[in-house]
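Engineer: Chain residues, written in single-letter form:
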Amino acid sequence: MIDQPLFTSLLLLPFLSAPLIYLLGRLSVRKGQDSGMKAARLLTLAALMAEIVLLVLTVKGAIGGGSVQILVGLEAMRFDGIGLILTGLVLVLGVCVTLFSIPYMNKEKGEEKFYALLMMTIGSIIGLGFSYDLFNLWIWFEAMAISTYFLVAFYNEQSASLEAGIKYLVQSSIGSALVLFGIAAIFATQGTVSLEDIWQYADQLGTLGALGMVLMIVGFGVKAALVPMHTWLPDAHSQAPSGISAMLSGVVIEAGLIAMLRVVSMTGKMNGNWAYILIIFALINILVGNLMALRQTEIKRMLAYSSLAHMGYMLFGFGIGFGFGSGTGAEGGFFHMLTHGLMKGLAFMSVGALLYVLKLVKGDHSSLKLDDLNGASRKYPLIAICLSVAVLALGGLPPFAGFMSKWMILVAGVETKNIWMLVAVGFVGLNSVLSLGYYAPIVNRLFKREQSEVVAAAYTRVSWMMSLPIMVLTLAVILIGVWPLLTDFILYNGQYFLLGYFFN
Amino acid sequence: MNLPIPFIVLLAVLSLAGTGFYCLLFTRNLIKVVVALQLIVKGVVLAFVLAGHLVQNESLAQTMAITVIVADTIVAVIGLALAVQIRLHTGSLDLKALSNLKR
Amino acid sequence: MINILIACSIGLPWLGALLVWLIGDKREKAQHWAAILFSVAAGAAAVLMLWHTSAESGLTITMGGVFGDFTFIPDGLGVFLSVIATVIGSLAVIFSTSYMKGETQIGRYYAFVLFFIGAMVGLVLTSNIMLMFFFWEITALCSYALIAFHNDDPKAVKGGIKALIITSIGGIGLLLGALILYVYTGTFDISVFIAAPSAVPAGMLAVLAFGFLIAAAAKSAQFPFQTWLPDAMEAPSPISALIHAATMVNAGVYLLARFFPAFKDVPYWCEAVMIVGMLSALLAAIMALTSMDLKRVLAYSTVSQLGYMVYAVGAGGVFASQFHLFSHSIFKALLFLAAGAVIHSVGTRDMEKMGGVGKHMPFVKWVFLIGALALSGIPVLNGFWSKEVVLEAGLAGGPSWIYGVMVLVAGLTALYTIRCVWKVFFGEARSDYHAHKVEMAMKVALAPLALAALVSWLAVGPFSTLLGTASLPQHHIESLNIAELVHEVLTLPTLIALAAIAIGVVLWLLRAKLEGFVEGLRGLRWAADHSFGFEAINSAVVRVTNSLAETLRNTQTGLLNWNVLGILAAVIILIAAISLGA
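Chains as they are written, first to last, in this note's numbering: chain A, 1 to 504; chain B, 1 to 103; chain C, 1 to 582.
None of these hints come from the bench; they were simulated from the model.
Just so you know, not all the hints are guaranteed correct.
The calculated lysine-lysine pairs, modelled on DSS-like cross-linking and capped at a C-alpha distance of 27 Å, are [what the hints assert, rightly or not]:
hint	chain 1	residue 1	chain 2	residue 2
1	C	K264	A	K417
2	A	K369	C	K155
3	C	K158	A	K448
4	C	K353	C	K443
5	C	K101	C	K513
Remember, predicted model here, so these are calculated numbers, not experimental data.
One chain only, chain A, in its complex shape (with noise of 0.2 Å):
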């Protein structure tokens, strides 16, 4: 059933939310009381919690007639499988890093922006995921990236952190200045941008709309950091507050990624193999987020590279799904999807927490060593085995959540009975064996007797509401990987929905 109302209050409100938390903090700011900062924060968390009641609404609406499938259409808006993933994925993941930021942020100048963009950010992200044609999917997409900028960016006074922000703004805008420039050359052949009616004539688009796939995948490949575009990175994503490390990591790469399968997957009666040069994109982004993770001395850096390698995984899925018509390929990678959200966002903010009790407190910007997670857990056993687990999961070790989303992809991989596709799959694991040589030193570092200076001298303690979240987290990390099966129902609507045009 079609309900039209929640839908449309699910998209919009994040909108309606954002001007009043940024109004409720400055207000209150420039009049040097806390309570109205207090009563934004608040209302970022309920406005967060209104969102998930009304996807759930959504959802159980659109299940009520009894098909499985999901579909609820505006105009150009559809609340499908696939924009389900992403909206789930992006409001645990923002209630978890508001909740988190609540300690972090607290005194920042600017607490205020920060909350309003966040909303404007999972906002945009949420529009991103039900977009239903062209010229809506660049609009989300831009405003997920416009209100980026100003996160990454945060720390207005430290210069590593304007140079970030700077480089990303750059590139991001490069990048969707080519899908935009793909957007006109789709545009020019046929004069649609609904993603149905490309799908539909997607054999006659010809030189022109192979010339436009190509521009928006590049375009949306810069969001998603696929190699070589992907050299803002590890740049943004080790100098942004770490609540938004979290959030960049863990769903706004994702959100790029889901872009760009969205229109890979209107190609289906197009000529030219584009699964494949997604798979080699995914390997080749395998092994140079692994290679470049593994020398690396700044934890959030060593973790952003990592989201290279991870993109990888899931690229390789999404692109056996396509190669192949392969559903567990896609499934996996969107489960991957989930799953590293859920992995990468608790790694960053462990490694935040640690960040904000060694460092923050103390006014000290500068970045967080490797050398300074020494003998962590003697003063911070919970933080340690959380972050513990974070790596060893994205490590893909069992029994936690990233051995079960690798394991599905891989299981694609040889399904296809394809000889190459084997040799991808040795390729992909051999991989997942060198991330566990960076992973696994941190595990070891943080359980060292001897104390790092930082942490000799730390005298903080992490707050319950930076714990929460991680803690949170963490049971999830470790719950999805003994029972895989919870995620199973949002992964095949995902999985439908994406191949579905692309076979059809």
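Take the given structure of chain A and dock chains B and C to it, following the hints.
Structural biologist: Showing chains B and C alone in chain A's frame:
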């Protein structure tokens, strides 16, 4: 020489984008980088107008072009604001001085 | 009933792991007791399973999709290895209560030990190939965490990560094999595949079989992956006992034994398995001869003895390999725990600094001697019987030149074992160490193992029935009672093997007169000290990877123009690829 108008517009699109990318590749000045971005996006706007003309769907093309202009202006404003901050804190607009985050 | 037992023998250690960790390091005593309680309870559950073995699936948890049903089958092979894992595991835990007393972060220690034991039981009982890989990797994770338990010691950390990486690389063989198995048979159930391996086309079956061989070799520290095991000696001694006798390394042999009926017809597979076993046995024995580190000698001997088991599987002697595994688990646990007692007391692992320890620790001397005699294959200890059965199986099912090498290795085993015993327990003290007295908990763990090393072979009847056709229909293992065992063993080949062992002993006794001969073998000694170049290969791989990573890092110049070039390059390459008809 009797070039059709769409062809001239196409040339304009290509030269705008080309100039922009050339500039992005070779300039070391942050302000010029922002200007280069603007050039590229102006090319995009023209491209939409051209595409709309080709498929006889000018109204949609205009909507899109205007939206692009709006979004692009916001990006330019943010970019320049960041440039101001960078000039304030590092005393330079040189991209070379802005390459401390590497490896 | 059986379902509850299965759930208990996997679940109790895991529950215990959680509990020990929750108890917290401030209540050390409670942690010790909780660890003992849960490991012994799991051991009891596993032992009870011996009376409930069957080839039918026991516990099943429906999962479906690409995960299959989580099924556990309590057949003879699985139950036998569960008993080994839990019983020897609990002895190691009991030993730890004394060995690890006063250490910091004892909760982490016990949590991983218990987690390890539970995972091992899960690994051998499950019949779901994905779950098998799941437990397989958990054992890798646990071994890593335990080997690197002393995180402040860079050698320990390095050893742990090395174990993790090497076994995970081997794990890719298992991963590929598992995926092929699933894709071509359409089910995750191992028993379905073993009953009808022809469902997998020949080429893929070969990939599967050799993939599993790689996985097993990495896990059981066989050629060419043997290098991680000696470095794993940085772990606390009870962990070495756990890894060497109860859990980790048995997994590889288990994998080969489990899948033997399916792979035996794959061309060259059996030959490859035998050669891997032979090379491991030979090279490790030579390295054991030259090493001066007590725990390393034992580690090499593990590699060597596992070589015998692998060799036996390759020759078709699944029963022989498991019988030797049975003996080996007992005497190797005994040797490691006894060595742990020595090291704990003397404070060094260097045999050069020991000598005459026997005078201070007579109990440990005697139990170590029993273990050493069993390891050397001296009658009538358990090692003698099982090694002879392995050699018989090898002669029957494999080429005679490999058999010859294995007999030679039996002689070498006797030589290095007697050397080790002599250097540690006899002669004069070569440094002034202060031997402490052996604590009760240590004795409690050592005594039953020593007794078992003497008599465990008497259980050959029930043991062969356990692995018989009733529970392993595809393996065709015939039951064997003691009289038959004695009859089978007392033949000419046994005398040859005993002669080789005797020569080994004589060589040691004549060592003073043979100095010139030993001098002549200096090249071999040098090679052995450098682990025959495998260590160099390992470090070369690490070095190349690291320098590749460092080189690649240069591509991140941080300059915006360069970054833009990356984007443009992608556009151009993609357009080229598309126009070239991709």
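Engineer: Hints first: check each against the structure and report whether it holds.
Structural biologist: Verification of the hints:
no. : hint            : verdict
1   : C:K264 / A:K417 : 24 Å, holds
2   : A:K369 / C:K155 : 22 Å, holds
3   : C:K158 / A:K448 : 13 Å, holds
4   : C:K353 / C:K443 : 24 Å, holds
5   : C:K101 / C:K513 : 46 Å, violated
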